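S.K.: So the sequences go chain by chain: C and Y.
Residue numbering for the first sequence follows numbering that gives the first Met the number 0, starting at 0 and increasing by one per position.
Residue numbering for the second sequence follows numbering that gives the first Met the number 0, starting at 0 and increasing by one per position.
Check before you lean on any hint, since a few could be wrong.
What the hints assert, rightly or not - Estimated spans, in silico, between C-beta atoms of each pair:
(1) C/G34 <-> Y/Q174: 51 to 59 Å
(2) C/T19 <-> Y/P90: 33 to 41 Å
(3) C/T49 <-> Y/E50: 27 to 35 Å
FYI, nobody ran anything at the bench for these hints, they're computed from the structure.
Since the structure is predicted, the reported quantities are computational estimates derived from the model, not experimental observations.
Where a beta carbon is used, it is the ideal one built from N, C-alpha and C, also for glycine.
The lines below spell out each chain.
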Amino acid sequence: MTFVVDTSSAACALALIEPTGEVRAEMRLPARTEGLRDVMHDMAVGRRLTRVAVATGPGSFTGLRVGVSFGLGLAIGLRIPIVPLPTLAIQAARSDDDVLAVAEAGRGRVYYLAPVGQTGHGDPADLPKDHAVVGWVQPSTERSMVAAGLRFVPEERLRTFGEAVAGMLETAREVPYGSLEIEYMQSFSPKA
Amino acid sequence: MAVVDGSGNVYSNVIHSQVDLHKEFGGVVPELAARDHLERLPRLLDLALEEAAVTPADLDLLAVTRGPGLVGCLIVGTGFAEGLSTAWSVPVSGVNHLWGHIYAAFLTRTDLEPPLLALVVSGAHSDLVRMHEHGRFELIGSTRDDAAGEAFDKAARMLGLGYPGGPALDRLARQGDPRRQTLPRPSLPGFEYSFSGLKTALLYRLRDLGEPDEEARADLAAAFEKSVVESLLEKLSAAMEADRCREVVVCGGVAANTLLRRRAKELVAGRARLTMPPLDLCTDNAAMIAAASFHAAGQRADVDPSLSW
Ligand SMILES: [Zn+2]
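Could you put together the complete structure from these sequences and hints?
M.R.: In structure tokens form, the structure reads like this:
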């Protein structure tokens, strides 16, 4: 079973996924949830885990580290593989349509991943507006994005976090424990 | 990372110094520090277990620093420990890094017991502390501006020495004579320290000298070091007078300084028993955190970047 943790977004998400791809459990909590570590512990402890998957950002400097470091400790402790998953790719995988995947970048700005693979970050007004939006941002950020003419895909029309990750895990590759890299605000520059 | 037993035996105590990483920036860059931690922790864990020749099944407790320090690094450390704890079903205990420096003395001398008086000097702290009993500390004096280690780093930079400044200044000072370039000894009432005036005095002296030669620089290094050390020890001595105590501890990264070690021995001799951890237990290390966890009741590993005594 794979334990999945994503603490990079304005919401954090946990999931347990069977080797068959079936989502055994999943949970979405507000970012900065008190006792998040207890919740992660309760979900992971005593399970027959075979793999840990962690969302590697981009995201908030501290939030991201909570999940990644816990996942790394858990994987090393159990001597099972660790799989990095890019935060924006998870959100993009929640839809079959072309969408603009976003994550909170702080101070009202957002990171985005466009369907053609173009990444960047900027103010809501500067975002590409060709596609509907998928992603978890602060309510205030969401309001200014809507005000800027962007449209969010309703949650109920999307795959759940766990379902999206289950799909990605079919092809996701593990990395050596010491090469887990996280993408954070300052280093996340647009790539062609 | 370290493996330590309840009797204070250190089975392994491995350190990945971030000095090289931060050298080119002339100081600690928080983002690099946290990122580097994530990459180094796996290897450090392997080394610590290998060197100690133990397996996870031999461990009863995981001790981890919960503060004070850089928030990104603390989150990575505690998160990693919590992950291991879940994997191994071993409890985690969050430790105050400052307490760790004093508990390094308990690894050094196994019959040491509180109450004791401690001078904790590092890059971030110059604290005079009374330890009344295990887990109970009282801060009686600290610095108003720079910590001693910070002052050494800044002086080293002014003298054109590299980072980290402390050891470089120590080496240069060994070749100098403080009497040829006297600098003021900072003195505040009570148990407070201040090193900013001394720093300014060094800056002006360097300006007056124009291009000081190697000898003058060594003399200045020696004078600066002497002023800092005498100031630290003057307050320690006053604290010993104010409230007699049989045990004195001088610890923290700056307690690796040659002059401070020598002068502390002279000052305390005949008045109390002095314990100074060896150099590798003075500078930041994990064995001291383990030592603190045995004596301090189980604290949650909640991160607190500005944790105090
Ligand atoms: Zn320290």
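S.K.: Okay, which hints does this one fail, numbers in order?
M.R.: none
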